[in-house]
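Trainee: Sequence:
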Amino acid sequence: MDKEKRRLIATGGAVVAGVVAALLGWLFFFGSASQEAPQAQSVFPEVGERSIAAFERQQEREGEGGFITSSAAPERQIALLQLWDKPVSALGFWEGSARGWRARFVERESGDIYETDSARLVARIYNTATPASQRGWFSSRGDALALQFLPDGAGTLATFEGPLRELPEQDPDTGSLVEFASAPLPRGVVSFAYDPSGSGRFAYLERLEAGGVRLVVRARGEAGREVWRSEVRGWHIVWTGPREILVVANTQPDEEGVAILIDPQTGAQRLAVSDNTLDALINPAGSKLVFSARRGRVMRLFVHDLSSHETIDTGLSTIAQKCVWGGEEGNTLFCAVPRSGVEPDNIIFWYQGGGYFDDQLVMIDGVRGEWRLLLDPREEYQAPLDVVSVATSAQGDALLLLDKRTLTPWVVRLDVLLKGDVNEPSGEAAQNIPSAQQPQEAQE
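Read in order, the letters of the sequence shown correspond to residues -11 to 432 in this note's numbering.
Simulated from the structure, these hints should not be mistaken for lab results. It should be emphasised that the depicted structure is a prediction, and the values quoted were computed from it without experimental measurement. No residue lacks a Cβ here, since even glycine has one placed at the ideal position from N, Cα and C. One thing to keep in mind: the hints can contain errors.
What the hints assert, rightly or not - Label-pair restraints from in silico Cβ distances:
hint	residue 1	residue 2	range
1	P139	D242	35 to 45 angstroms
2	F337	P156	46 to 56 angstroms
3	G284	F337	12 to 22 angstroms
4	R231	A211	21 to 31 angstroms
5	E367	G209	47 to 57 angstroms
6	P160	A256	46 to 56 angstroms
7	G284	G343	41 to 51 angstroms
8	R258	P139	30 to 40 angstroms
9	T299	P160	54 to 64 angstroms
All chains, full assembly: derive it from the sequences and hints.
Mentor: Structure representation (structure tokens):
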């Protein structure tokens, strides 16, 4: 990257580092601000508990699903479920089964690990005595986990990583079904990602005492290898492509940001895209980027082909963090789109934990840029969601969402919504999706 580009990134100094870190910091200390945040039950005041256990109990009482159903859903099939009614710190799918998707999550307060599946059954698989977890990452197969804790009296997060191994029988003392054989990573880890191929490797950005960050690639049980370094701290990493790690610098509104692709073996780097108020996400094939950038008074979502360098404007006003790539070829996007649209000046406020968006879920053709509305949680389920992360199952039959209001996990059943046409967006514009020319403020 040329020196001029680096100077653009450095503009604002420490302010640059605050964009993603601010939201993550708010997530770290959610517990201390929980009195101000609405609880999961408040989303459904007329129904009460929303956990899977509550669903099963109500199902037994009423003989049918206890969750609110959509009048548009065929045969009263439920397309949106809340998996747990307490905040979680890590959430991800893991290797599926013949029955459909399976997911794991870490309960924030207890640090315990739970497992659930498409049959709506929940089991605690790991019972821990460690302090409450602040943030975590599951591997793409769900067989490894990195967790961050805030030790007593320490101002720096401690990070532990290790495999999740099934025990031959339930532990008689803890009741655990798996062993979490974790080991500490260096202090100062600010972003983490597993190799999506399942090789067991992982990468992390480590904040340096002298300033800046370094990118380290490591295999479990081996010494880490530095492959890249920056004098600027405001970066995060995305490892979803087969060959390269995407390193993104987020910026304040009206500041230039860049997304760089780095070879984890050689450290070779190339510029993927640069734009104003940037956020980006690469597809699993490593061929396309979805990125959000400022256009006038709004944030716009674009799809960029890394081979042809063609960029398509989807016309939607959202940010890349609210998206995930899916489909067999990685050419389909699922995105949460605030019905109010997104103004750049509201992004920092949102990252800092202020205000909420009211999202609708859309599916986008990553080749043509066409999209259609899949789900409106507020209108169809009386469940306003502000999505801060989204993941797709390997089978393409479900999405996992994390709600900012409550930090509770939700699943969207694509098998109900799409009936087999996951890779074929209709391109029909749906009503109520916000025009990128008509922004509104995030809800207080």
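Trainee: Return the numbers of the hints above that this structure violates; sort them in rising order.
Mentor: Those not satisfied come down to hint 7.
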